[in-house]
Amino acid sequence: MEDAVALEQVVRKLADTQRLAVLCTDERGSPYASLIAFAAAPDLKTLVFATPRPTRKYANLSGNPRVSLLLDNRSNREEDFAEAAAATILGNAREVAGEERESCLALLLGKHPSLSSFARSPNSAVFRVEVEAYYVVNRFQSVSELHVRR
Amino acid sequence: MTVLLSIEGTGAADRSLVGGKAAALSLLRSNGFPVPRALCVTTRAYRRFVEAAGLPAAIARELGRKRFEDMRWEEIWDAALRIRGLFDRAGWPADLREELGDGFRRVFGDRPVAVRSSAPGEDGAKASFAGLHESFLNVKGPSAALDRVRLVFASLWSDRALLYRKELGLDPSGSGMAALVQEMVPAERSGIVFGVSPSDPDCAVVEAVWGLNEGLVDGTVEPDRWTLLRETGAVLSRHAPVRRKWVVPAASGTGVADLPEELAGRPPISGEEASSVFRTALAAESAFGAPQDMEWSFAGGALLVLQSRPVTTRSKPGGGDDRAWYLGLRRSHASLVTLRDRVARELLPEMDREAREMESLDLERLPDADLEEEIRKREEAVRKWEGIYRSDFIPLAHGVRLFGQFYNDALAPEDPFEFTRLLSGTGMLSLERNARFADLAQRLRADPALAETVRRDGKGDADFERRIDGLFREYGNLFGSSGSRAGRRGVSRLLLEMSGRPKGVDAMAGRDAGALRERFLSRFDGDARAFAAELLDLARDCYRLRDDDNIFLGRLQSARDLSLEERARRAEGRDPAEAAPRGGETSVEKLNDASGTAPEPKPPLLETPSFLQRDRQLVGHPAGPGYARGRARVVRKDEDRFSLRAGEILVCDAVDPNMTFVVPLAGGIVERRGGMLIHGAIIAREYGVPCVTGVPDAVHRIRTGDMLSVDGYLGIVTREEG
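Chains as they are written, first to last, in the working numbering: chain A, 1 to 150; chain B, 1 to 722.
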């Protein structure tokens, strides 16, 4: 079983290699899942993503900033049961503006340069997620939590 | 796709297709050496078999539960048994079965065959896998041969093979397995020749036994041995053992039998025949370009070569090479029977005698000099018996393993550990002791006044105290101490705790063992049934003895500790009853961990500059079925054991065999040491307490007071919030 250093590496690898994550928001008391392109800050304490404003997730986030995200490296093969790793992320999402929006966009587009026109569109909102914890699952059923030190 | 090749045609074939053994025999045959007729089931057949049954992913999941380096050998054995169970239950794809079966029938008809492993990468010059995989002799009929081929495939994943490959840095998931199906040679005499002696490059060695080679290869039969000078072939020396046994064909498979008297008096081969074996090895050496290690047989007066591989830097006559440790992981049935008899009839009674002698001595009345002599004697005795514990008692577990594998191969049960249910109710001493503990608790339960006295004074009435004395005397070492006041207080506290919960935690004592035994035996007829019953009895004996040995060793350790306590008391001029309890330097628990492949566990680092780790769900092995929820009681030091409250989850590094009387008090058990057959697991199953073993760093990752759920079906421990 991993220690904290190894677990942090598992998370870092997921954050670096995965392009997409599942984002869960609160739709008037019901869970709502969407697929998003994301990027993580080097310290893994912040994630960023962009969304057009007329979306359900945008409306949901306006009502409740609590989010959960799922990052994983499954390959849709039987081997995933033994080999895949996943991290459930808990945190708060907040739309950013001004300079903060620019720095978040730089982080996001550094990883996804092809999304430039989508993310920079005036009607796209840029969100910053302050991560509280990663719940890391690997070896099928081994689960450890990493709580962010603030 | 080529799944079956004739040995004549395999010479040119890729070794990765036919494996080392088949390639070598093919080369010998094409060079005119006398080799038995044979077919090779190729690694393509292996691939098709495992892929059709979805085995690669299942194997990856089994081996991926934990990091390989976190697994002790016992856990690797368990994993290997589960994997073998997957092979036992996997069927042949119909077309493959037909193709192979037709091929066997065409070449061998109904004549018996030998089925041998032929692994790619096996028997190269650097590494020898000799004996690490399975071989089966005297297999009758195509259907039985297919069953054996399947087990040869499974042996790619045996504990021994997994460990040996790991040491060599090989990854078994990338490799496959081929099998050689050879016409069975009705050998009158057999043996091995080392074209060059690994201990002397100028010499060669020929070893020979009566009957089949199997007994020589697995060490059951000691061979006659000739050492010859390579240059001239002259015999330099000859060693003749006391010849007692031989291996001969049975109705199916082989059996060890007493060697008939007229054969025991003479060597299996003459000096001239030894020279002819050596000359054959030399000829093979020029064919291969390297000295060979060959198995051979004489049948009808003619010499046949059964297999040949390069002599490696690791080989040694007598099988005593670097593989010896791995090979020793599997003991033959015959050697286990001998071991069982020795432990039951000689060793344990002798321990009992020594312990009795020590226990009858009144230490307080010994003059100082005599006490010193007594201490020296007891320390020496404990050292001696701890050595025997390692060399003779721990290997008893192989009797249980042998049966487990046999049971699974015969019944292919869904639960690969179903066989352990046939092992309960053997009358283990520890359960007897625990029952007497429970009786004392029952007295307290029935007599509140007595319970109050014990609670207040730390002791009960004279009769109650006499019974506690009896427990210490007969079972020794109850708390790593031996009847001193602190130890007695601990016992009293536990008894009070046990009396506070309702009765009804008796050991299950083999509830369904009788019915399972019948179901198991009903699969066999005649000799096979007798053999199955014998294996089961051997396993039950080994299971019981392997637990009883702890009680006997505990008594000796306890006697030693008492003498040391007496010395300390004299030095401090204290009252005898106030002597400080002494813990043994080597607990029985530590002795049991000696074979572990994992290093002494260090506490894991549970934080980084950015994160704090909290483990939520810990994966181990499902060692005792059931589900329990309760507060954790983490036992890190001996004293912590006294604190266990009824219903709490006992979390420990390993349940000390001499401490298992606390088990009925626990709601569940979580252990760092892994394995299905370790004491904690055995006792937990006897009492029906849910148990998960092999949880890495359990005592560091779980804290006393954590709310835990213990899933003994899946082998998962969950720490709940808060």
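Don't take each hint at face value.
Below, a list of computed lysine to aspartate or glutamate pairs in the EDC-like style, where the Cα atoms sit at most 20 Å apart [stated by the list, open to error]: (1) B:K377 with B:E359; (2) B:K140 with B:D70; (3) A:K111 with A:E2; (4) B:K602 with A:E79; (5) A:K13 with B:D527; (6) B:K602 with B:D527; (7) B:K459 with B:D469; (8) A:K45 with A:E83; (9) A:K45 with B:E607; (10) A:K13 with A:E99; (11) B:K66 with A:E130; (12) B:K245 with B:D110; (13) B:K66 with A:E79; (14) A:K111 with A:D3; (15) A:K45 with A:E99; (16) B:K245 with B:E497; (17) B:K140 with B:D102; (18) B:K66 with A:E99; (19) B:K66 with A:E100; (20) B:K140 with B:D527; (21) B:K602 with A:E99; (22) B:K66 with A:D43; (23) B:K384 with B:E372; (24) B:K66 with A:E102; (25) B:K384 with B:D352; (26) B:K166 with B:D70; (27) A:K45 with A:D3; (28) B:K66 with B:E534; (29) B:K66 with B:D102; (30) B:K140 with B:E167; (31) B:K66 with A:D16; (32) B:K377 with B:D341; (33) B:K459 with B:D439.
Derived from the structure by calculation, the hints contain no laboratory data.
Evaluation of the provided hints:
1. B:K377 with B:E359: 13 Å, holds
2. B:K140 with B:D70: This hinted pair is violated, its Cα atoms lying about 42 Å apart.
3. A:K111 with A:E2: Judged against 20 Å, a Cα distance of about 28 Å means the pair is violated.
4. B:K602 with A:E79: 31 Å, violated
5. A:K13 with B:D527: 59 Å, violated
6. B:K602 with B:D527: 51 Å, violated
7. B:K459 with B:D469: 12 Å, holds
8. A:K45 with A:E83: 25 Å, violated
9. A:K45 with B:E607: 15 Å, holds
10. A:K13 with A:E99: 28 Å, violated
11. B:K66 with A:E130: 32 Å, violated
12. B:K245 with B:D110: Distance of about 29 Å is beyond 20 Å: violated.
13. B:K66 with A:E79: It holds: about 15 Å lies between the C-alpha atoms, which stays within 20 Å.
14. A:K111 with A:D3: 28 Å, violated
15. A:K45 with A:E99: 19 Å, holds
16. B:K245 with B:E497: Given pair K245 (chain B), E497 (chain B) is violated - Cα atoms ~56 Å apart, limit 20 Å.
17. B:K140 with B:D102: At roughly 14 Å apart (the allowed maximum being 20 Å), D102 (chain B) and K140 (chain B) satisfy the hint.
18. B:K66 with A:E99: 46 Å, violated
19. B:K66 with A:E100: At roughly 43 Å apart (the allowed maximum being 20 Å), E100 (chain A) and K66 (chain B) break the hint.
20. B:K140 with B:D527: 16 Å, holds
21. B:K602 with A:E99: 47 Å, violated
22. B:K66 with A:D43: 28 Å, violated
23. B:K384 with B:E372: 18 Å, holds
24. B:K66 with A:E102: Roughly 44 Å separates the two Cα atoms, so the pair is violated.
25. B:K384 with B:D352: Holds, at roughly 14 Å.
26. B:K166 with B:D70: Roughly 13 Å between the alpha carbons, so the hint for K166 (chain B) and D70 (chain B) holds.
27. A:K45 with A:D3: 19 Å, holds
28. B:K66 with B:E534: 36 Å, violated
29. B:K66 with B:D102: 42 Å, violated
30. B:K140 with B:E167: 36 Å, violated
31. B:K66 with A:D16: 25 Å, violated
32. B:K377 with B:D341: 27 Å, violated
33. B:K459 with B:D439: 16 Å, holds
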